[in-house]
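With chain A held as given, fit chain B onto it using these hints.
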Amino acid sequence: MITDTIVLQGHIIDSLLLPKVLDQILNEGGEFEIEEVHIGRQRADPSYARILVRAPDEHAMEALLARLAVHGAFPTGRAELTLADADQDGVFPEGFHVTTNLETSVRYRGKWLPVEGIEMDCGIVVDPALGVARCTPMHRVRQGDKVVVGHSGVRVTPLERQGRGRLFEFMGSDISPEKPKWAMVQALAQELIRARAAARKSALVAGPAVVHTGGSEAVAELIQSGYVSLLFAGNGLAAHDIEYALYGTSLGVRLSDNAHVPGGHTNHLRAINTIRKVGSITAAVKAGILNRGIMYACVTNSIPFVLAGSIRDDGPLPEVITDVVAAVDTLRREVRGVDLVLVLGSTLHAVAIGNILPASARLVMVDINPAALTKLSDRGSFQSVGIVSDVGLFLRQLAQALPLER
Amino acid sequence: MPRFLMCRPDYFGIEYEINPWMRLTIQVNRVLAEKQWHELYRVLTADLGAEVLLLPPVKGLPDLTFTANGGYVEDTLFISSAFKHQERQRETPRFEGWFREHGYSVHRLACECAFEGEGDALRLGDAIVAGYRQRSDIGAHMELARITGRQVLSVELVNPWFYHLDTCFAPLRDDVALYFPEAFDAYGRKVIQGHVEHAIAVSARSAERFACNALVVADTVVTNTGCDDLEEPLSRFGFHVQTVDLSEFIKSGGSAKCLVLRLDS
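So the sequence lines, in the order shown, correspond to chains A and B. For what it's worth, the numbering used here labels the leading residue of the first sequence as 1, then goes sequentially. For what it's worth, the numbering used here labels the leading residue of the second sequence as 407, then goes sequentially.
Since the hints were derived computationally from the structure, they do not count as laboratory data. All clues stand as given, with none of them false.
Capping the alpha-carbon separation at 20 angstroms, the derived lysine to aspartate or glutamate pairs in EDC-like fashion look like this:
1. B/K596 / A/D23
2. A/K146 / A/E80
3. B/K596 / A/D14
Derived coverage of chain A by chain B (criterion: at least 3 residues anywhere in the stretch with Cβ under 8 angstroms from a Cβ of chain B; other residues may be distant):
4. 2-14
5. 41-54
6. 65-76
Some chain B residues near chain A, calculated using beta-carbon distances under 8 angstroms:
7. R539
8. H547
9. A551
10. Y593
11. V597
Glycine residues also receive a C-beta, built at the ideal position from the N, C-alpha and C atoms.
Isolated chain A (complex conformation):
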């Protein structure tokens, strides 16, 4: 379905033009939503209506709009783009158009161009020489870039009504602690199997809770079995994963029996120190120092990982990108083509990846705290589902539901 917006003005009520136009849209298999209506107070006062129109495809939309134009309904989206030059690096011109994460096109030189790399809260830069339009974050705009301003000539495509894949049909898109978890786990497992078979990219966003709740073996198995194309996490997840690999503890708690180990609270610092000494996580794996766990699985299976730092990190580990702008740019590169994202016990990194994903990406979020899930799902238009569960328990169940290479 594609959308466009039309404006109808004049004596559209008394002339029955408004109902006529709405009827015509429906008769031609389209849909409409009235965005704004102002009705003239006195007889001679004109009225105004702005209507969002949906049609099955570009061809149908063109035909419908041509017919509606005869009745005085003119599309606003037909207008060309308005472009303005950025006059400083990293600064958009006034009135710059702000993107959503929905599939977007722009009308340039009479043609609709898809906006490449769409993500929310960015601007759109048009390259006249190449005839391409790119979604551009603020810090990447360069002086002289031609930036889209205003709404003229910009068209967004809303998400399709049906969810894609059994995962979303089954679960719907709300968050409720009281849903049959086992069935949801099964549905997710099926989705991961399908994605792997079709060589589609799935990303994992993991918070340190994954390790604290005893889920690291399961994650390592997922990575080893090819269900994860990208790991996005922070210093915390990597540090505690390595702590567990080296000492069997996470935050000083022995995971096998939940016992507090004396001096255990220092284990993660020793783990970080060990890695810093050898230069990198990858080097530690090569040297045989790190020989199990999530980071080990990433290195040995050549699965890229992006570790984005934060202000409270210990160390940090060498591969952690401490410049947040550089971190998100790296993530942007790595996340291209990712279709399914599994978020486990993470809020900060989940929000970060949510910021840069297109609306077409599907999110499955697992957290013990319903409030964390609501926060994430409210961010933008996403096909998302939240599962309230202990992350460790969830992962063990998921591992059971999947054919794994152990």
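Just chain B, lined up with the frame of chain A:
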């Protein structure tokens, strides 16, 4: 006293085909056309006491005699038509020139839309009923509304044989009008029925004889001959019908109302 603008049919004939009625193979009888036009002129001036001003005819402008399409008059403002066909666009300077000479201010529509004057815009009380699709574009209606400050009721003309509003709609008084229902769609019919207390539907037979292309002066309705079903309904509303044979003009798709442009609003 009602005031009208007419133009003698000295150069009237079928020189092109721009509506379904016109056929280059069916030529006009010039002598008869002159006679018929003069009879209309006589009825208006002598019988009905109207003042008729004349636009000089021009060779090569055969449709100049249909003055209703030249534009739309509102007080001392002449809104010049933007003819759809290039053949009639050549008439525009003649109309604009005449109106300027006679003290009117001339306005051309700002939008790039077609508008064929009083042929597609007729007063109904304080409002204007305006036709679109065949010859005039709806964009012109918005501008017309803005300029005149009047409510404009847009009606779509769905039948190419009734290509101007004045061929299928005749407001005779605020509450009485003639119309040919099949020239409109359901919405148009509803608009007419909703805004005219007594909307008198004419039969297809009468419509084809341009019954709706009627001129009204006080309580006299002047129209082409052969529209027999008008007498009775119109008399109920206090009108009487005066017919004039306009057969030669019908060959070009016009009749009584097309030959006359109202100068008094």
